[in-house]
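Number of protein chains: 2
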Amino acid sequence: MIILKLGGSLLTNKEKKFSINRRVLKRIASEIKACEENGKKLVVVHGGGAFGHPLAKEYELNRGYISKSQIKGIALTRKAMQDFNNLVVKEFIDQGINAIALQTSAIVTCENREIKSFNHEVVERFLELGLTPVLYGDVVLDDKLKFCILSGDRIITHLAKILNPGRIVLATDVDGVFDKNPKKYKDAKLIEKITPEIFKRNKLNFESYANDVTGGIEYKVRELLSLAKLGYNTIIINAKIRGRLKKALLGHEVVGTRIEGE
Amino acid sequence: MIILKLGGSLLTNKEKKFSINRRVLKRIASEIKACEENGKKLVVVHGGGAFGHPLAKEYELNRGYISKSQIKGIALTRKAMQDFNNLVVKEFIDQGINAIALQTSAIVTCENREIKSFNHEVVERFLELGLTPVLYGDVVLDDKLKFCILSGDRIITHLAKILNPGRIVLATDVDGVFDKNPKKYKDAKLIEKITPEIFKRNKLNFESYANDVTGGIEYKVRELLSLAKLGYNTIIINAKIRGRLKKALLGHEVVGTRIEGE
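Chains A and B, in that order, are what the protein sequence lines are. Position 28 of the first sequence, counted from 1, bears residue number 28 in the working numbering, the numbering being contiguous throughout. Position 63 of the second sequence, counted from 1, bears residue number 63 in the working numbering, the numbering being contiguous throughout.
Hints in this document: simulated from the structure, not taken from any laboratory. Built from N, CA and C at the ideal position, the CB exists for glycine as well. Careful: at least some of the hints might be erroneous.
No farther apart than 25 angstroms at their CA atoms in a straight line, the calculated lysine-lysine pairs in the DSS-like style are these [what the hints assert, rightly or not]:
id	chain 1	residue 1	chain 2	residue 2
1	B	90	A	68
2	A	72	B	33
3	A	40	B	68
If the Cβ cut is set under 7 angstroms, some of the chain B residues that face chain A in the computed set are [claimed, not checked]:
id	residue
4	79
5	86
6	93
7	130
Given only the sequences and the hints, what does the whole structure look like? Please build it.
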């Protein structure tokens, strides 16, 4: 079984609210389908991109409850994520994938932004039936803060520990992790492998990366390193390049950043 | 708190796959909003109508697992229900209701079509935050049959016992329960009140009603009578008549069928 994270900035145009990259999404769906035809099972998680992020930011949802006006923000953010997820599931089904949306906020609760309960049974049982569960970053209930934002990255980290996947693939719109932000610096170099040791030794210039509402690249790498320590290796790839996702899903050698335990 | 069921045939055109009665939906949303402005809190549940029913029937989903081809049917039915629910939530939000979709199949499991587990905490907590949860009939996991169809009626019966609502309103496209099918028989008479005693005494001609995938009118009445025995009275009304839903939600006298305990 493979856990696949589809980055929000891969599937949407972050500069433009509620805009989907339909062409990219369609191709990605076809590469996933090709992988399933090779007998692989997948659990897919996608981010918020141009749907969830602008609203979550506007209503400061990740701070938890601070004012009554946020309640409207919860409704709008959840609605936007549901719209986004619907578009993703539609393309998957159109490509012949038996995809099934699973609402993160209905199966997960947090405490101080940490996952407290996760009804993973529903994910496992739909997977076992032969469906492809599709989860997503969402506004979830929080025992301390009343609510918070749960990122897609946090979901895959948690699911990996439960589902014991053979492979974890993070599909983004860049080739992997660079020594500085490749969108800003022409001389940025791709780091092909990060281990806890390499991470400690090299100071990566995370400040040059833009931070989104869910913590950005540094947070992502730290989460994945914690997984790597448990033996779950990840590869971060650029799924904008045709065929790369399919190769990565099938375990072939591809350009990207491998995050591995020692 | 009020539990409101919106019938599938009220919101959709059952003769035409995936067609919504947008004008009716919009007006209903505005009547719900007016009720909320009177300080009432609601939990809303809607049926499958022209979205879920045709697919659930085509793939025989309510029989549980009988063949592999049904897996595609699960994906298509869930997708259709998600689309339907999205349209409902969108109209609610447009009318100023802080609606939040809650995926039934993510929070409920069945055993032989009976509800086995129901994560009602998520419904209660979002309600407490000031949101209006919107659930719907769905394909859910079943411990015995692998999966089954859970009707909106079954959901409200279960939720009523947990949430202890002050009122239960079933909004349909007919004035209530008749002594025979009002769509077929001109001389059909509205039954204004059904109690367990009246139900036993009068043989209602349920055979003349069309049966849908979730059991039709007889099933509905039986479910509501079981609620009435516990002290939860229901009113079935015709929400196609402008203003009737609002009146019923506010507890005013309206045309309809009251289902009450002795």
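Structure-based check of all given hints:
1. At roughly 21 angstroms between alpha-carbon atoms, residue 90(B) and residue 68(A) fall within 25 angstroms of each other, so this suggested pair holds.
2. Using a Cα cut-off of 25 angstroms, the hinted pair residue 72(A) and residue 33(B) holds, with the two alpha carbons roughly 14 angstroms apart.
3. With a C-alpha separation of about 17 angstroms, the suggested pair residue 40(A) and residue 68(B) falls inside the 25 angstroms cut-off, and the hint holds.
4. The restraint placing residue 79(B) at the interface with chain A holds, with a minimum CB-CB distance near 6 angstroms, inside the 7 angstroms limit.
5. Interface restraint check: residue 86(B) against chain A, minimum CB-CB distance 6 angstroms, threshold 7 angstroms, status holds.
6. Taking 7 angstroms as the C-beta contact cut-off toward chain A, the hint placing residue 93(B) at the interface holds, the least distance being around 6 angstroms.
7. With its C-beta approaching chain A no nearer than about 4 angstroms, residue 130(B) sits inside the 7 angstroms limit, and its interface hint holds.
This entry satisfies every hint, going by the numbered hints stated previously.
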